[in-house]
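Colleague: Take the two lone chains and join them into the complex the hints point to.
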Amino acid sequence: MSIRICNLPFNSSFAPQPRARISSRSTRVFARTENDTQQQLNLSVLRFTFGIPGLDESYLPRWLGYGFGSLLLLNHFSASAPINEPQLRSEALGLSLAAFSIALPYIGKFLKGSVVEQRTLPEEGEQVFVISSNIGDSLKEDLAWATYVLLRNTSTIAVLISVEGELCIRGYWNCPDQMLKAQLHDWFKKKVDEIGLADVKETLYFPQYEGSSASWDILPNGTRSLFVQPLIQDINEPQKMDGFLLVASTAGYAYSDKDRAWIGAMAEKFRG
Amino acid sequence: MEARIILQIQIPWNPNRQSSRRPSLHLPRSFIRASSSTSQKPRSYKGPKPSTNLVADFISSNDDLARSLPIYVGGASLLAVLFNRTVSGIAPVADASSSQSRADLLALGLAVTNLLTGLVWLSIRPKSITPVNPEGVDCKVVDSDLPVSIVSELLWAWESLKVATCCKSLVIVYNGICLIQIGMVAESPQDKKRVIVNTDKLMQGSVYRGVMKSKAQSYLANLSLYPGRSELAFLPANTQAVILQPLGDKGIAVIGGNTIRGFTSSDQAWISSIGEKLDATLGRYFIDSAEGSRENY
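Going down the list, the protein sequences come from chains A and B. Every letter in the first sequence is one number past the one before it in the working numbering, and letter 153, counting from 1, is 153. Every letter in the second sequence is one number past the one before it in the working numbering, and letter 98, counting from 1, is 1098.
Isolated chain B (complex conformation) (with noise of 0.2 Å):
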């Protein structure tokens, strides 16, 4: 913790600041060009190579039997001490009058704390959910309004929670208009086209209203769970859990998924931070846009 606000206090992130610090050393631009075109061709990477793990890749590919795997040396251990005892004719008494006796003594040690190690690693095993697949039909929407930058920044945000998390549809409304809407969509049973969304009765919805008053990230981890479900119709009937990230206090992203608890923290704080610039992006270009708008008048 104590880490995050040393970086909060030094780095402060202020775009601004960038372009208006003066660089020292004025080099005249056509100096730079030749100077680079020179070392057009990469020198060829001289460095250490990833070695594999062969242990690492073992163990996290067969983690089941990795976890029990304590159990059964500690478990055989012990009864090839008592089957050595028994073999070689020596009552297995347990004192430690014998060297035989303190040597068995201590292989019990060990195989008993193989056990309980063993037992430990199963207790802690987590859960595996089972992902469900979306019903609906996939579509991608984008308002034909914007321009250009603005669409390839709001593709790559759906091409990174597509490819790092579990999610399979996205929805951003900003400014009351439906900016975006891709992935897995309801179905709509009238014509088997997509559902649009109804940003007003979104934004007059309890869940929007919910997460604009308290300005933060709202995770819906088992979404058959929650009453406002009825409001996030354009999703797929079947998505099992959602985050809904502010965008600003003029937008939101709906960011539906199919796993039950599938958004990890590590994603949510991944979401929150694609929220804010995208928020940065978005309400510059519509400050832009109204002010453009406003001098037509």
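Chain A with its partners taken away, still in its complex shape (with noise of 0.2 Å):
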């Protein structure tokens, strides 16, 4: 077990001086802030570890939570009867502080700055790219390069953009193979029907998607976040295209409010 304190070039912003006795290292961490360079986040921090690569420390209050609480509970109950009242309070105590570092990896991960889960992509399907037909190049184009930039930029592992009807999907989707670009196309729109996405008049972000009705089987195996973007914002300007843009992604958490602001500005892009 050792203390690691890992030093820092520059940006003294973030906490304590260095210990001359503990060895310093620098590592790379990829957190999610709103004021963050890519390169070389070496930060000054204080950090615990048991220098084993590839165990998560950030778990550790809930393991040792969940091995004090039930030596707790081994020591109540192998205790010999009549237990007395301060040993009962101790125990109270003991096992609400165990219920609280339990939860405290999930509270840690609403905090800024907490790391970002990444994606994982599905081992089996394939992907698809299938785009309509009946649209002019312009938009073609203006599409493709949306939804090439939407599953670069972030994590997403599907896209589904609708406009006015049209649909281009990429990405890893969970829809029959051996079927050719056109039938696939009305396939998706017929399944995108039934879903009713059209109708969707606000965003709709799901950080925890846990599967759903039928319908929904298109999206891939393993989505845990889903976020769609309507293309009308208010009813009061029917001329604009209508539409919406569904990203999902397999990771949870994904979409941070930065993530969709980007998201919906390219969806404004095909609002016309």
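Note that these hints are calculated values from the structure, not bench results. Note that the coordinates shown come from a computational prediction; the quantities given were computed from them, not determined experimentally. Be aware that one or more of the hints could be misleading.
What the hints assert, rightly or not - Some, not all, of what chain A presents toward chain B, calculated at C-beta under 7 Å:
1) Y66
2) F68
3) L204
The beta carbon of each residue, even a glycine, is placed where N, CA and C say it ideally should be.
Modeller: Here it is as structure tokens:
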């Protein structure tokens, strides 16, 4: 067990002074903050680590909570009766502390600067890229570019853009293979109509998507985050094109405020 | 990283390919129009509604309080254990002989865990930097020779940057012409109007040359430390951060922000994608117009 303090070239806004006797090493950490740069997010922080690679120490309070909580219960039931009151009090205190410790990693996930989960690609299934043939070339190019950029710049694995009923689908989807492109487009259109996504009036964000009714099975297995952005923002502008933009990811809480702002900006492009 | 490579191999972005793909079903246009008119009204949405997560909302809005919460909990329970011992008249001896001691020791261990977690959380708190309002005049100047589609694309780029990042000024220079100057602009001291972009001076300056040579985005996170500041005289004097995005090898987009280190890595990635798109659009327009003018001779 060691306390490792990582040294930092600049950005002394982060805390404590490194102690001389502890060896310093620099780490690269990808954190979600409002003010960071990608290269060298070397932070001067107090990190507690076992030094075992691949072990996530931020879940340590949870394991300690489970471990100590079960030891408390063991102690309680192996004690000779009658158990006096002070012991009951300290056991109650210990159990509530254990419950709080178990919840700590969950709370830590919502703090600024927490590490975002990386997306994992689905093992089975192929990538599809289907674009409607009933639209002009410039719109096709815009759709192709927008879907490519969404897949590259966010942790999206599947994206679907619908502009006035014409779809562009890209990424990993749960669709029947061995289907021709035009049939695939119509199949997606049918599924989307069943769900009624064109009717959505405001943005929908599901950061912990667990699976849903039958029509949603077009989403790939392992989808954890889902975000739907309609193109129409208010009903007072009927001449604007309607449609929606749907992105899905296999990481939970994948779309931060900034990601959603950018996805909204992408949707603006197709509002016409 | 592996994911990105897979995506790049399997999905080459080649817009020309799309137009040459033959659809296998040739349905006559009128038929398609008829079928779409029958489904005018979209079916109502049947699906899950997003639920509000009270814990997440509370923690996101009270970040400092949530960070110090484990420390208070750990400290309070430490004191409570000692208090319990003294009140019940048992000597505060830390050995594992009686079951009371064992329970106390376990509770102490958990309290210490909470304290340390609180300390770790406090130490990784990101420093919040206040934005600085740029001093200047608000302006929106677009080159008048551009067609509507290009203008709408440039305005779309500006709206996206304004909404999603800390950008407050945008200047795009392409082919030696300043195409758009929008947002907050420096005020010239003589006539109290906006400072016009001197494209020759910009393109001969070291800032432009450096960016064109490296062909990569340049992020000046703290503009006041940068010596080439004088070449960007059209930006407000107290612009905090600047991103210089090359548009191919013919143009540059200068994006000014109001916070030091205000552009995150995700912003940088999005801006370079938008830069590529603008370069494709503008390049095509300028090539077409160059060919058009050549034909007229």
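Colleague: Compare the structure with each hint and give your call.
Modeller: Verification of the hints:
| no. | hint | result |
| --- | --- | --- |
| 1 | Y66 | violated (11 Å) |
| 2 | F68 | holds (5 Å) |
| 3 | L204 | holds (5 Å) |
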